[in-house]
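**Student:** Below are the chains, spelled out letter by letter.
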Amino acid sequence: MNQMIRTPKRWLGLLFVLLIGVTYLSIGVGAVWIGPAGIFEYLIGGDAAGQAYIIENFRLPRIVVGLLAGMGLGLSGAVLQGVIRNPLASPDVIGITKGAGLAAAAVILLYPGLPVLALPAAAFSGAGIVMIGLYVFAFRRGVQPAALALIGIALGAVCQAGIQFLTIKFPLETNAALVWLTGSVWGKDWTDVLLLAPFILIVAPVTWLLSRKLDVLNLGDDVAEGLGEPVQKARLALLALAVVLAGAAVAVVGTLGFVGLIAPHIARQIVGNRHTYLIPASALTGALLLVTADSLGRGLFPPTEVPAGIFTAVIGAPYFLFLLRKIQKS
Amino acid sequence: MKKYTSYIALLFLVLLLAACGSEDEGELQESSSGEDSGEQETRVVEHEMGETKISGQPEKVVALEFSFVDNLASLGVSPVGIADDNDEERIIEPIREKIEDYTSVGTRKQPSLEVISSLEPDLIIADMQRHKDIYDQLSDIAPTIILPSLAADYDGIIDSFQTVSTAMGMEDKGEEVLADHKEKMEELRSQVPEDENRSVLPAVVADSGYFAHNMESYTGSLLESIGLKNAIQSGDDRYNKINLEQLVEFDPDVMFHMSSGDQTVVTEWENNDLYQDISAVENGEVHEVDRNMWSRFRGLISSEKILEDAVQYLYEGR
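Taken in order, these protein sequences are the chains called R and C. In terms of this note's numbering, the first sequence opens at residue 1 and continues consecutively. In terms of this note's numbering, the second sequence opens at residue 331 and continues consecutively.
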């Protein structure tokens, strides 16, 4: 344990290597299995026994989307847990993904004829609208973290009710919306990568630059103010970043549960509480979770594709219970 | 303080630029896809997602909805790949007889693109609601047409059949099949007496609820076409989850139940006096029908079979 705390950098490096390894193997997993040697052959420009087309058009875009979305959700969760100072905070809990989900369900069920890009645009706006709601209800008169969490839960409940209403109103068409609501990397192509990459690749470093603020906020409002930190402004800025990260991820892969909640917790176990390490570690863990979940979904029962969201919930929920127990004990 | 404002301003500026950039990319890809077909005589097939050029007669066809399996079987074509939800049993008997062995490409919700591409098809037929998001990827594998199936009524199913026969380069054969089909439908219609005034209600009965199909739904519109009036003539939704009170209110004279699972809401309702008072229940006109045939297939062959079923229950059972 002591060693762990002393060398978070080394752990971070290890996590990175693990992610690279899993990603590499993941390229080979699917209806057609490709061994590590075949993958290497592809990477140096070969055709991997005729599987190059499958790798290039189906596997790689999925994996890249999975990496980016996993990072986005992991980061968003880490930031929110820091801002709200509550280990239960996550994009799901404060209503961001629910807002995106309601907007997406409305597009899928009410306007099935809209162009394909309408869906991510709507989902992202839905997340944005929840953010505006949070601002209006929680920020105008100086925010308390607990109030922020409660208002987020309330907004999320409203959106959830909307989703329920839509699925009851359109029982058969709901099938199409369910895939999205479970969250899945299935069928993602390079267009989706281009849609998602700018958001994550730009916002992630900005978040990391602000990780010192999260450390300061964690000391409590009074201490933070005393250290010269404009608490409310910092909180709002960080919250906005978290919304952009989660909103972008959810817009592309759907309302994948648990990654935003679990990834920061796992990361905290590994690198400790300092956000300089926790932020990148959460991003790596989120990516690792999602890529693993998608590989399982693709490889376990081909040709059936199991949505990644099912695996993240199956892995995530028990781990979370274990975690709660551990926290209670200590 | 200033630092944040500038961070965030910069951030949004970059995001805006990035968003514009990626949209252009998307359009480019769309316009270039689907144009790589060969030089043989080509025809342009119009469908829900635009136009697709198809040359020659496709030999390897992948069907991502059961409707299209039905359409292909009607034309005497055997698809190489079917999204059969990994359950061969879902292909109804009269159609399984007509087609040869095929490869399952997974679920209709999320068919495996990898398996589809490994089959090297030369035509893919997909559903508007389920598969429009992967149209680009499918088009990249092979010429793809997207048709309504999940959301179509009986007329829509006939339109889709015609589009499929055009896409297959089998218009003449298609006309023939359709003429036979219409004749068959006429014959079935003639078995329904002019003065038939009983109302019918087809419904999917599941553990999660009673899903009534109204006059505009596929099964409902099909039954209407031979003069069987649907009990639900109102409402803008084709499929409605209704409760027992509403069912009593609609009071159908005949009910066709497509059950999923042994335990359904009806198992519970049966103990209720209200349910026993519904005309269909009083008259013993509640009929269990095959869900695969009655609601999943939505094609020519299944349409005929559904009506044969219905006519048999209504006029020969007595």
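In case anyone wonders, no lab produced these hints; they're calculated from the structure. You may find that some hints are simply not true.
Beyond 12 Å from chain C on every Cβ pair, some chain R residues (computed) [stated by the list, open to error]:
(1) Ala31
(2) Ile39
(3) Phe40
(4) Leu43
(5) Arg59
(6) Pro61
(7) Gly113
(8) Val116
(9) Val136
(10) Phe139
(11) Val179
(12) Gly187
(13) Gly297
(14) Leu321
Here are the simulated distance ranges between beta carbons [said to hold, decoys possible]:
(15) R:Phe320 - C:Asn613: 52 to 58 Å
(16) R:Pro87 - C:Glu427: 46 to 52 Å
(17) R:Phe16 - C:Asp489: 53 to 59 Å
Here are the computed lysine to aspartate or glutamate pairs in the DMTMM-like style, where the Cα-Cα straight-line distance is at most 20 Å [stated by the list, open to error]:
(18) C:Lys439 - C:Asp466
(19) C:Lys559 - C:Asp466
(20) R:Lys169 - C:Asp466
(21) R:Lys169 - C:Glu579
(22) R:Lys169 - C:Asp417
(23) R:Lys169 - C:Glu546
Cβ atoms here follow ideal geometry from the backbone N, Cα and C, with glycine treated the same way.
**Student:** If a hint holds in the structure, say so; if it does not, say that too.
**Tutor:** Comparing the hints with the structure gives:
Residue-level check failed: Ala31 (chain R) sits 4 Å from the nearest beta carbon of chain C, not beyond 12 Å. Ile39 (chain R), annotated as away from the interface, keeps every beta carbon of chain C farther than 12 Å; the closest lies near 15 Å. Consistency note on Phe40 (chain R): stated as away from chain C, and its beta-carbon is indeed over 12 Å from all of that chain's, at 20 Å minimum. At roughly 18 Å from the closest C-beta of chain C, the C-beta of Leu43 (chain R) stays outside 12 Å, upholding its exclusion from the interface.
In this structure Arg59 (chain R) is not separated from chain C by more than 12 Å, as the shortest Cβ-Cβ distance comes to only about 8 Å. A beta-carbon of chain C is positioned within 12 Å of the beta-carbon of Pro61 (chain R); the least distance is around 9 Å. Look at Gly113 (chain R): its CB is around 8 Å from the nearest CB on chain C, not clear of 12 Å, so calling it non-interface is violated. Separation of Val116 (chain R) from chain C is inadequate, the least Cβ-Cβ distance of about 5 Å not exceeding the 12 Å criterion.
No beta-carbon of chain C is positioned within 12 Å of the beta-carbon of Val136 (chain R); the least distance is around 18 Å. Every Cβ of chain C is farther than 12 Å from the Cβ of Phe139 (chain R); the closest lies at roughly 14 Å, confirming the non-interface assignment. At the 12 Å boundary, the C-beta of Val179 (chain R) falls inside the reach of chain C, the nearest C-beta of that chain being 5 Å off. For Gly187 (chain R), the shortest C-beta to C-beta distance to chain C comes to about 4 Å, within the 12 Å cut-off, and the non-interface label is violated.
Once the 12 Å rule is applied to beta carbons, Gly297 (chain R) is inconsistent with being away from chain C; the minimum gap is 9 Å. The Cβ of Leu321 (chain R) lies farther than 12 Å from every Cβ of chain C, with a closest approach of about 27 Å, so its non-interface assignment holds. Separated by about 54 Å at the C-beta atoms, Phe320 (chain R) and Asn613 (chain C) satisfy the suggested range of 52 to 58 Å. Between Pro87 (chain R) and Glu427 (chain C), the C-beta spacing of about 60 Å breaks the proposed range 46 to 52 Å.
For the hinted restraint 53 to 59 Å between Phe16 (chain R) and Asp489 (chain C), the CB-CB distance of approximately 54 Å keeps it satisfied. At roughly 17 Å between alpha-carbon atoms, Lys439 (chain C) and Asp466 (chain C) fall within 20 Å of each other, so this suggested pair holds. For the suggested pair Lys559 (chain C) and Asp466 (chain C), the alpha carbons sit about 41 Å apart, so the restraint of at most 20 Å is broken. Proximity of Lys169 (chain R) to Asp466 (chain C) is assessed by CA-CA distance (about 30 Å); at most 20 Å being required, the pair is judged violated.
Distance restraint check for Lys169 (chain R) and Glu579 (chain C): the Cα-Cα separation of roughly 19 Å lies within the 20 Å cut-off, and the hinted pair is therefore satisfied. Restraint check: the Cα-Cα separation between Lys169 (chain R) and Asp417 (chain C) comes to about 29 Å, which exceeds 20 Å; the hinted pair is violated. As the CA atoms of Lys169 (chain R) and Glu546 (chain C) are separated by approximately 16 Å, the hinted pair is consistent with the 20 Å bound.
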